[in-house]
Amino acid sequence: MNDNKRLLYALGNVDDKYIDEAAEPGKLYQETFKEKKAFVFKAFSGRRIGGWVAGVAAIAAVAIGVSMYGGGAKQAAPQSMMAPEVDTLPRSMFYAMDSEQDEAACDMLAEGTYDMTSEEPDAPECAVGAPCNAANESKATLSKPADIKLFWVRKFDPDKTEVGVFYATSGDEEALMMKDSSEGLLYSGDAFTAVRRALDGSAYAWFILPNEGADTDEVLDSAQMWDMISFPSDYENREAVLLKICIPVFDAADQNTKISVDEEGIASSACIATPGNAVVEDYKTTKEADFICDRAFIFAICDESGEVLFIATVDHIK
Amino acid sequence: MEDNKIVELYWERDEAAIEQSSAKYGRYCRSIAYNILYNDEDVEECLNDTWMRAWGSIPPARPVSLRAFLGKITRNLALDRYDAARAQKRGGGEFCAVLDELSEYIPDTGSGYESVEDIEIEEILNSFLESLSPERRKVFMRRYWYMDSIKEIAEFYEISESKVKTVLFRSRAELKAVLTKEGIEV
Chain Y
1 MNDNKRLLYA LGNVDDKYID EAAEPGKLYQ ETFKEKKAFV FKAFSGRRIG
51 GWVAGVAAIA AVAIGVSMYG GGAKQAAPQS MMAPEVDTLP RSMFYAMDSE
101 QDEAACDMLA EGTYDMTSEE PDAPECAVGA PCNAANESKA TLSKPADIKL
151 FWVRKFDPDK TEVGVFYATS GDEEALMMKD SSEGLLYSGD AFTAVRRALD
201 GSAYAWFILP NEGADTDEVL DSAQMWDMIS FPSDYENREA VLLKICIPVF
251 DAADQNTKIS VDEEGIASSA CIATPGNAVV EDYKTTKEAD FICDRAFIFA
301 ICDESGEVLF IATVDHIK
Chain C
1001 MEDNKIVELY WERDEAAIEQ SSAKYGRYCR SIAYNILYND EDVEECLNDT
1051 WMRAWGSIPP ARPVSLRAFL GKITRNLALD RYDAARAQKR GGGEFCAVLD
1101 ELSEYIPDTG SGYESVEDIE IEEILNSFLE SLSPERRKVF MRRYWYMDSI
1151 KEIAEFYEIS ESKVKTVLFR SRAELKAVLT KEGIEV
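So the protein lines, in turn, are chains Y and C. Counted the way this note's numbering counts, the first sequence spans residues 1 to 318. Counted the way this note's numbering counts, the second sequence spans residues 1001 to 1186.
Hints listed in this document are in silico derivations from the structure and should not be mistaken for laboratory results. No experiment lies behind these values; they were computed from the predicted model shown. Even glycine gets a Cβ: it sits at the ideal position worked out from N, Cα and C. A couple of the hints might just be wrong.
[What the hints assert, rightly or not] Taking beta-carbon pairs under 10 Å as the criterion, some of the chain C residues facing chain Y (in silico):
id, residue
1, L1009
2, Y1038
3, V1064
4, L1102
5, I1121
6, L1125
7, P1134
8, Y1157
9, V1167
10, K1181
[To be verified] Here are the simulated lysine-lysine pairs, BS3-like style, with alpha carbons at most 30 Å apart:
id, chain 1, residue 1, chain 2, residue 2
11, Y, K17, C, K1005
12, Y, K287, C, K1151
13, C, K1181, Y, K287
14, Y, K17, C, K1165
15, Y, K17, C, K1176
16, C, K1024, Y, K287
17, C, K1165, C, K1176
18, C, K1024, Y, K244
19, C, K1024, C, K1151
20, C, K1181, Y, K17
Model the full assembly from the supplied sequences, consistent with the hints where possible.
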């Protein structure tokens, strides 16, 4: 008997529980993951939104011209979720909160019945060093160009930025590629690699790149990815390396909203992070790793507790 | 009928046990056999042999999971029958594809496991399966135990085919690492 067949015979006698477990069809993923996936997916359902995060993500994804959880070019969102219908939103909307109050407001937003003049719940102050909309201290205006900026703790050197190619799903695009090299953690999962970059404020930006042969949908389907961004300090598949990262400048907008990522940081028309200081740790290592974000990737912003403030698939950058 | 009652019928030497087994698990066992043999005639014979083997095994066996018990019998009989069918150049189905996949990671050395008892390999496999997440384990088992096609697994679990391929790719690599760690040259 050859080796492989012998292995298959041996596999035939594994514990019954594994045979029974695999005999049952149905959804593959754990409930916690399904909930998280549904949380994002609901943003496009137009029926109910699980919380502010989904609403923010949906609006921002539509607004900046990236598709959220779906790949491909711009994806149509339900009319009730389209940014043009929303003149101003409480700044607190851009914080991740799960209170009933937020859910109710989010429902109203989805239904188009949200009263924009209603009293805003206690909104945290804007990030240190990131001026909020001067016109209204308590509200951020979606219809204005980006006027709030979260700076990278470690900025990219503009002199190192080069014109390169972003392999968009719709075809190759010329792009400005920011480059940096520093010690950091390289995260990896079954279908992706990722880096986390600290922002000036208690927020971190994630760049999550599907491995060759995988796509962003698969990564979003991955419980690992959600575990990673939710509990990065507990995530095991990470190693300290000398990271050589290459990330595109992406600047997308619709008629009302603009979000852009560049060498300085992330410009947004609304505050997306609470005050504080993201921690930049030193990692002593000689091992090198490249992280070249030149194809469709997932971009997320999380606060220090791992709450997702924003998540979108970036499959084109123009 | 519940499994424990069917098992009781076997113990009472009541031939209704075979009828009930066939009614409840005939389709299940047929799919296992068909994925290996790809031949209706061979599958039918394999199923008949399965019921007879079960009749001869219970008692003394008292399986906790009758489904897994019958599935194992079917699978092993189908693999045996596969050899005979292959000699006559017929059959194969997903089994050929599965063997090809494994050969990329676990090359056929002709003597690779001669020093390792089968029981030890089973223990390693059980340990390996336990180490996988439930999601990855299910996909792995559907492919290498049930020998489902990639497409069938994707439909079974409502995931993309590329996801299935990715999971299998990683699992095979990890299995190779486990076998290497356990001193099995690959």
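Distance restraint between K1181(C) and K287(Y), which requires alpha-carbon spacing of 30 Å or less: holds (24 Å)
message: K17(Y) and K1005(C) were given as a pair; does the straight-line alpha-carbon distance stay at or below 30 Å?
response: Judged against 30 Å, a Cα distance of about 20 Å means the pair holds.
query: Straight-line Cα separation of K1024(C) and K1151(C) no greater than 30 Å?
result: holds (25 Å)
field: Hint check: 10 Å Cβ-Cβ cutoff, P1134(C) to chain Y
entry: holds (7 Å)
- prompt: Taking 10 Å as the limit, does the beta-carbon of V1064(C) come near enough to a beta-carbon in chain Y?
  reply: holds (7 Å)
Hint check, L1102(C) versus chain Y [nearest Cβ-Cβ separation less than 10 Å]: holds (4 Å)
- prompt: Is the shortest C-beta separation between L1125(C) and chain Y less than 10 Å?
  reply: holds (5 Å)
query: Per the CB criterion, is L1009(C) less than 10 Å away from chain Y?
result: Given a least distance of 20 Å, the restraint on L1009(C) is violated.
- prompt: Taking the closest Cβ pair, is Y1038(C) under 10 Å from chain Y?
  reply: violated (16 Å)
message: K17(Y) and K1176(C) were given as a pair; does the straight-line alpha-carbon distance stay at or below 30 Å?
response: holds (23 Å)
query: Are the Cα positions of K287(Y) and K1151(C) separated by 30 Å at most?
result: Roughly 39 Å between the alpha carbons, so the hint for K287(Y) and K1151(C) is violated.
query: Given Y1157(C) as an interface hint, is the shortest Cβ-Cβ distance to chain Y below 10 Å?
result: OK, holds: Y1157(C) within 10 Å of chain Y, min 4 Å.
Of the hints listed earlier, those the structure fails to meet are numbers 1, 2, 10, 12, 16 and 18, in rising order.
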